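*Asks:* So you can see what is in the structure, the chains are spelled out below.
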Amino acid sequence: MNEEQSVIKVGMADLNVGSHDHVIRTTGLGSCVGLTLYDPAKKLGGMAHVMLPSSEIAREGKLNIAKFADTAIPELLSRLLSLGAIRNRIVAKMAGGAQMFAFAGGNDTMRIGPRNVESCKRALEDLNIPLLAEDTGGSYGRTIEIACNTGLLYIRSVQKGIKEL
Amino acid sequence: MELFKNQKDFKMDVLKEVGNIGAGNAATALSQLLNKPIDMAVPKVQLLGFEEIAEKVGGAEELVYAVFLRVEGDAPGNLFFILAPDAARSLLSRVAGISEVSGEELSEMELSALNEIGNILAGSYLSSLADFTSLSMYPTVPALAMDMAGAILSYGLLQFGQMGDDALLIDTTFLEGQNEIEGQFFLIPDPESFPKIFKSLGVPFEDE
Chain H
1 MNEEQSVIKV
11 GMADLNVGSH
21 DHVIRTTGLG
31 SCVGLTLYDP
41 AKKLGGMAHV
51 MLPSSEIARE
61 GKLNIAKFAD
71 TAIPELLSRL
81 LSLGAIRNRI
91 VAKMAGGAQM
101 FAFAGGNDTM
111 RIGPRNVESC
121 KRALEDLNIP
131 LLAEDTGGSY
141 GRTIEIACNT
151 GLLYIRSVQK
161 GIKEL
Chain S
1 MELFKNQKDF
11 KMDVLKEVGN
21 IGAGNAATAL
31 SQLLNKPIDM
41 AVPKVQLLGF
51 EEIAEKVGGA
61 EELVYAVFLR
71 VEGDAPGNLF
81 FILAPDAARS
91 LLSRVAGISE
101 VSGEELSEME
111 LSALNEIGNI
121 LAGSYLSSLA
131 DFTSLSMYPT
141 VPALAMDMAG
151 AILSYGLLQF
161 GQMGDDALLI
171 DTTFLEGQNE
181 IEGQFFLIPD
191 PESFPKIFKS
201 LGVPFEDE
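Residue numbers (the UniProt record's numbering), protein chains in the order written: chain H, 1 to 165; chain S, 1 to 208.
For the record, the hints were derived by calculation from the structure and aren't laboratory data.
Each statement offered as a hint is correct.
Only pairs whose alpha carbons sit at most 30 Å apart, straight line, appear in this in silico DSSO-like list of lysine-lysine:
| # | chain 1 | residue 1 | chain 2 | residue 2 |
| --- | --- | --- | --- | --- |
| 1 | S | Lys5 | H | Lys62 |
| 2 | S | Lys199 | H | Lys62 |
| 3 | S | Lys56 | H | Lys62 |
| 4 | H | Lys9 | H | Lys121 |
| 5 | H | Lys160 | S | Lys56 |
| 6 | S | Lys196 | S | Lys56 |
| 7 | H | Lys43 | H | Lys160 |
| 8 | H | Lys62 | S | Lys44 |
| 9 | H | Lys62 | S | Lys8 |
| 10 | S | Lys196 | H | Lys62 |
| 11 | S | Lys56 | H | Lys9 |
| 12 | S | Lys199 | S | Lys8 |
| 13 | S | Lys5 | S | Lys196 |
| 14 | H | Lys62 | S | Lys16 |
| 15 | S | Lys56 | S | Lys16 |
| 16 | H | Lys43 | H | Lys121 |
| 17 | S | Lys199 | S | Lys5 |
| 18 | H | Lys163 | H | Lys9 |
| 19 | S | Lys5 | S | Lys56 |
| 20 | H | Lys42 | H | Lys9 |
| 21 | S | Lys16 | S | Lys5 |
| 22 | S | Lys36 | S | Lys56 |
| 23 | H | Lys42 | H | Lys163 |
| 24 | S | Lys44 | S | Lys196 |
| 25 | H | Lys160 | H | Lys121 |
| 26 | S | Lys16 | S | Lys196 |
| 27 | S | Lys44 | H | Lys9 |
| 28 | H | Lys62 | H | Lys121 |
| 29 | S | Lys56 | H | Lys163 |
Restraint ranges, calculated between C-beta atoms of paired labels, are given here:
| # | chain 1 | residue 1 | chain 2 | residue 2 | range |
| --- | --- | --- | --- | --- | --- |
| 30 | H | Lys62 | S | Val203 | 23 to 31 Å |
| 31 | H | Val7 | S | Ser31 | 40 to 48 Å |
| 32 | H | Asn88 | S | Val42 | 56 to 64 Å |
| 33 | S | Asp86 | H | Thr150 | 34 to 42 Å |
| 34 | S | Asp39 | H | Asn149 | 49 to 57 Å |
| 35 | S | Ser200 | H | Ala133 | 48 to 56 Å |
Every beta carbon over 12 Å from chain S, so not counted as near; a handful from chain H, in silico:
| # | residue |
| --- | --- |
| 36 | Pro40 |
| 37 | Arg79 |
| 38 | Glu134 |
| 39 | Asn149 |
Because the structure is a prediction, the values reported are computed rather than measured.
A virtual CB, placed ideally from N, CA and C, is assigned to each residue, including glycine.
Chain H on its own, in the form it takes in the complex (with noise of 0.2 Å):
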């Protein structure tokens, strides 16, 4: 992947942004999705690691609002237009939202994966922002990393190696 770049690192839970000369990443992403935001004219990115779907589940005194579906993609979004980018020409690509374990019965707590990457799309399209490609589901983990420079999201699997969106 990207090494001559400056890396951002993104945690779990969390969220930031970075201009041209920087590759943001997320690693080990199971049911958590990682969602980007990207201008291409300005070369402005964000990437979120979404962990959980809504925000209305939160039971937290201090909301972290890069957890959540519902309130980290606004937030990503207002970062990125305060960077500079254009509201209009931004689009999105996400990965994540695996299914790691198999159970039979599954209750809504193990299909966690499948409702973030839900929940991620409902929030794309309240804010009217084309999401140009996925890599979700199954039942892997994924590394993830968008270049900054070209807006590509590279997805590393132990299992099939790097993919490229």
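Assemble the complex: chain H is given as a structure, and chain S must be docked to it using the hints.
*Replies:* Below, chain S alone, put in the same frame as chain H:
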């Protein structure tokens, strides 16, 4: 996140004992399977940030084998039995007599054996815990995965994720012989389970 307001050290010690009893019984079960003595480290009980939990097994991208059981009953939680790939191979060759554990990936048969070993160990961990606390705790069917540690362990953090950005982890490492087999148990009780565990052990747990 502040999980315990009063007598924090004492409560952490109680949880250490919980880990000690669970993992102690699991180590005994493993020792019987291998017919060899197993050493166990003193359990660590820590409130850790989500990122730090994956660091405990070498980082979010570290390849691990993990047997995962969701604990149900009075004090629900998540239990992981984690092995590095080399340790998984040694364990298979010792216990199941599968000597040709070569190549990159384990076969269906090997994976199934590993899942069963994990099931036996996790079962003895839980049943001793249930005896100790007189709480009903029963495991779901175990599931095995070989993947990035971060992707696997995030499943154990979903319940804590609704409350904050860190989780309480009861971590016990055990070793066999010349450290050929090193494994880890991670027990992450749901946040709601702590008052029940403490109450069952006679530890005062006020309305914190």
